[in-house]
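From first to last, the protein sequence lines are chains V and U.
If you read the first sequence in full-length UniProt numbering, its first letter stands for residue 1, the second for the next number, and so on.
If you read the second sequence in full-length UniProt numbering, its first letter stands for residue 1, the second for the next number, and so on.
Think of the hints as simulated: they come from the structure by calculation, not from any bench.
Where hints are given, some of them may not hold.
Claimed, not checked - Where chain U lies over chain V, by a calculated footprint (3+ residues, C-beta under 8 angstroms): (1) 114-120; (2) 273-281.
What the hints assert, rightly or not - Reference listing, derived: stretches of chain U covered by chain V, where coverage requires no fewer than 3 residues with Cβ under 8 angstroms from a Cβ of chain V: (3) 26-38; (4) 175-182.
Said to hold, decoys possible - In silico contact screen, one side only, chain V against chain U (beta carbon under 10 angstroms); selected entries: (5) Phe30; (6) Trp92; (7) Val97; (8) Ala177.
Here a beta-carbon is modelled for each residue, glycine too, at the ideal position from N, C-alpha and C.
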Amino acid sequence: MLGDIGTLVLQGAMISAIYALIAIGFTMIFGVGGILNLAHGALIMAGAYIFGILVRETTVSWIALHPAIAFPVTVVAVAVLSWGLYQVLVRWVEDNVVITFLATVVVAVASTELVIYLFGDTPMGMTLISGALNLEPFGINARPRYVQFAGFVVSWIAIGLLWFYITKTDDGRSILAASMSERGAQLTGVDLHSVRAKTWLIAGALAGIAGIFLGSTGSATPLMWLNPLALAFIIVVIGGIGSIKGSVVAAYFIGFLEQFTVTFVGQGFRGILSLVVLAIFLLYLPQGLYGREFVHD
Amino acid sequence: MISTILLLGTILSTVPGRIEDVAGSVRRNVLLPIGQTLDRLLAPVDRALQPVADGYNRRLGTYFGEMTGLQFALIFGALIALLTAGLWAPLVSGSLLRTLALASIWAIFAMSWDIQSGYTGYISFGHSVLSAAAGYTTALLLVHVNPELSLWITAPISVLAALVLGLLIALPSLRLEGPYFSLITFVAVLLFYRLTTAFTSLGGIPGFSSPDVFTWDPTMRYYYMLVPMLLIALALTFMARSNLGMILVAIRENESAVSAAGINPTKFKIWSFALSSIPMGIGGVLLVGFTGNVDPHTFVIVDNSIEMIAMAVIGGMSSILGPLGGAFLFEFLNHEVLHGFSTPVRYLFLWGLVLLVLVFARDGLFRMIWHRLGAVRGENE
Chain V
1 MLGDIGTLVL
11 QGAMISAIYA
21 LIAIGFTMIF
31 GVGGILNLAH
41 GALIMAGAYI
51 FGILVRETTV
61 SWIALHPAIA
71 FPVTVVAVAV
81 LSWGLYQVLV
91 RWVEDNVVIT
101 FLATVVVAVA
111 STELVIYLFG
121 DTPMGMTLIS
131 GALNLEPFGI
141 NARPRYVQFA
151 GFVVSWIAIG
161 LLWFYITKTD
171 DGRSILAASM
181 SERGAQLTGV
191 DLHSVRAKTW
201 LIAGALAGIA
211 GIFLGSTGSA
221 TPLMWLNPLA
231 LAFIIVVIGG
241 IGSIKGSVVA
251 AYFIGFLEQF
261 TVTFVGQGFR
271 GILSLVVLAI
281 FLLYLPQGLY
291 GREFVHD
Chain U
1 MISTILLLGT
11 ILSTVPGRIE
21 DVAGSVRRNV
31 LLPIGQTLDR
41 LLAPVDRALQ
51 PVADGYNRRL
61 GTYFGEMTGL
71 QFALIFGALI
81 ALLTAGLWAP
91 LVSGSLLRTL
101 ALASIWAIFA
111 MSWDIQSGYT
121 GYISFGHSVL
131 SAAAGYTTAL
141 LLVHVNPELS
151 LWITAPISVL
161 AALVLGLLIA
171 LPSLRLEGPY
181 FSLITFVAVL
191 LFYRLTTAFT
201 SLGGIPGFSS
211 PDVFTWDPTM
221 RYYYMLVPML
231 LIALALTFMA
241 RSNLGMILVA
251 IRENESAVSA
261 AGINPTKFKI
271 WSFALSSIPM
281 GIGGVLLVGF
291 TGNVDPHTFV
301 IVDNSIEMIA
311 MAVIGGMSSI
321 LGPLGGAFLF
331 EFLNHEVLHG
341 FSTPVRYLFL
351 WGLVLLVLVF
361 ARDGLFRMIW
371 HRLGAVRGEN
381 E
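The whole structure should be built from the sequences, with the hints applied where relevant.
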């Protein structure tokens with residue numbers, strides 16, 4: 001029993017860290033542009049596959065990079081991909097919420113077909129850091145892998161950097177301003193278009209990191225965008241749309257909840273409890289934990 | 001790295017201007033003359049057909065919308081073509097009847113999605129749940145109650161199940177505004193999918209293969225799908241052109257104005273969802289009769305919901321007949337034109353097409369053609 005709780009805390013904390021990365025990018029884009037980016041999961045998938053191609057020797061033998069080099073390359077690549085998605089597609093349709101919605105979801109579905117076309121149906125495995133820690137001597141019945149620890153640490157570094165950028169630099173504060181009141185930001189000389197593009201860049205980078213860790217803790221599959229997207233939805237609604245703090249808190253809440261279900265109820269019920277929690281939040285607290293009512297301006 | 005990004009940025013920012021220039025000259029020098037020539041050729045035809053259309057307009061125009069001569073010819077021609085497809089389709093291609101039958105089922109889905117999401121602007125990502133409810137009800141009745149149950153018993157119960165599930169989703173979620181509704185419907189699909197895989201009594205991934213197909217004869221099968229589709233199209237067009245449709249569009253355009261006019265928008269949104277659940281259920285029953293198998297892949301997965309949205313978008317949202325045309329175009333491209341390619345390539349092409357329509361022709365292809373046909377004589381209503 002005690003061992004179970006130890007496992008729960010350990011695994012829960014590590015999985016929640018990744019969830020936080022998934023959700024922050026999603027909530028930032030929603031907060032600034034009012035755009036629900038349903039292709040966010042596709043960007044996460046892109047991160048996993050790009051990293052997989054770069055580090056694996058079997059796909060393209062001459063570019064088998066060391067994971068430490070492949071990591072930043074992947075993050076930059078996904079960030080540019082996300083930025084490109086905004087510049088090429090979303091900015092032309094963002095005036096109509098419904099069209100943006102549909103366009104991004106079509107991108108997500110198309111990404112699955114592209115991945116199947118390029119890499120086939122079979123899951124692609126990859127390693128960031130190999131090895132695992134044996135905790136049996138300490139009475140905890142788990143073998144957390146080093147890559148999970150790395151995920152936890154990287155997640156908090158990324159959150160810390162983002163927090164610093166958003167609250168301490170002028171550049172970042174313009175993002176915050178745009179998410180609070182677009183008109184107010186415009187009146188103080190913020191270029192909304194470039195702020196939005198910047199948000200997509202940052203969200204892409206975070207999605208890339210999340211993708212790398214999802215890919216290297218499990219494997220990359222053509223349908224792997226679906227679950228992170230659903231998680232991002234759930235976390236963002238619970239945390240409050242547009243609130244970064246809320247996303248982190250809700251990510252940990254959902255992460256532990258899922259781990260609890262897996263440990264004590266069964267693997268098959270993994271997502272069901274969080275979906276129920278989501279439904280309760282939508283009905284009774286739709287603005288979320290740290291959300292605010294939308295200001296009509 | 002930073003400088004490359006900046007360079008890329010400057011290049012990209014000059015591109016749109018140039019694209020607009022090119023598009024403008026193409027429009028002036030190519031599209032406009034073609035359009036004018038077509039207008040000149042078609043105007044006499046339109047004028048010649050006008051008396052026939054007027055006859056229709058006098059009797060039925062108030063219920064289903066008025067048409068010009070060419071529009072009437074298009075609808076009438078398409079109807080004749082569909083009704084006689086049993087005779088001519090086998091001559092064109094061996095698989096065409098199957099494609100048309102499948103397209104009829106998907107047309108039902110796309111139209112049902114349209115009366116709810118296209119008209120009210122509340123986008124549902126979970127319409128496949130409704131058809132799945134009907135399909136699974138049929139399968140469960142056959143497996144657990146009596147494998148000999150006739151279609152006359154299972155079909156109404158299945159449609160009722162779709163309606164009940166639709167109300168179950170609609171009642172709480174349609175009070176929510178904007179994207180939250182879409183989120184709930186999206187979650188509903190995922191939840192349904194998880195349930196089918198978590199509980200073995202729901203068949204798991206392989207699903208149920210016990211329901212029988214309606215018939216093995218391709219011609220009969222086609223008419224089994226076509227006739228309900230046409231009746232549903234007729235009924236939904238009638239509703240969409242009535243005051244109900246007007247209120248639904250008003251909800252999409254300005255919900256607070258609808259409330260201010262003393263109309264309860266939530267009530268009408270729930271109505272439209274119920275109105276959409278019933279044909280979804282019928283479509284689900286037909287899909288069981290078409291495939292003879294009820295499993296998550298054919299019925300539940302999110303891709304199904306996205307596919308019906310794609311059809312509605314290609315054809316033109318909020319027009320009922322647009323999604324109908326969109327479904328036939330989508331399935332025709334998918335199973336006939338792109339037949340030789342592998343599945344991922346086909347779908348990549350189709351999704352690309354949907355994106356192009358979303359960016360460049362938001363009103364959809366069929367609505368565009370329809371309005372163009374209506375204006376060949378230069379009248380703009």
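Evaluation of the provided hints:
no.	hint	in the structure
1	114-120	holds (count 3)
2	273-281	holds (count 3)
3	26-38	violated (count 0)
4	175-182	holds (count 5)
5	Phe30	8 angstroms, holds
6	Trp92	6 angstroms, holds
7	Val97	7 angstroms, holds
8	Ala177	22 angstroms, violated
Of the numbered hints stated above, those contradicted by the structure are hints 3 and 8, listed in ascending order.
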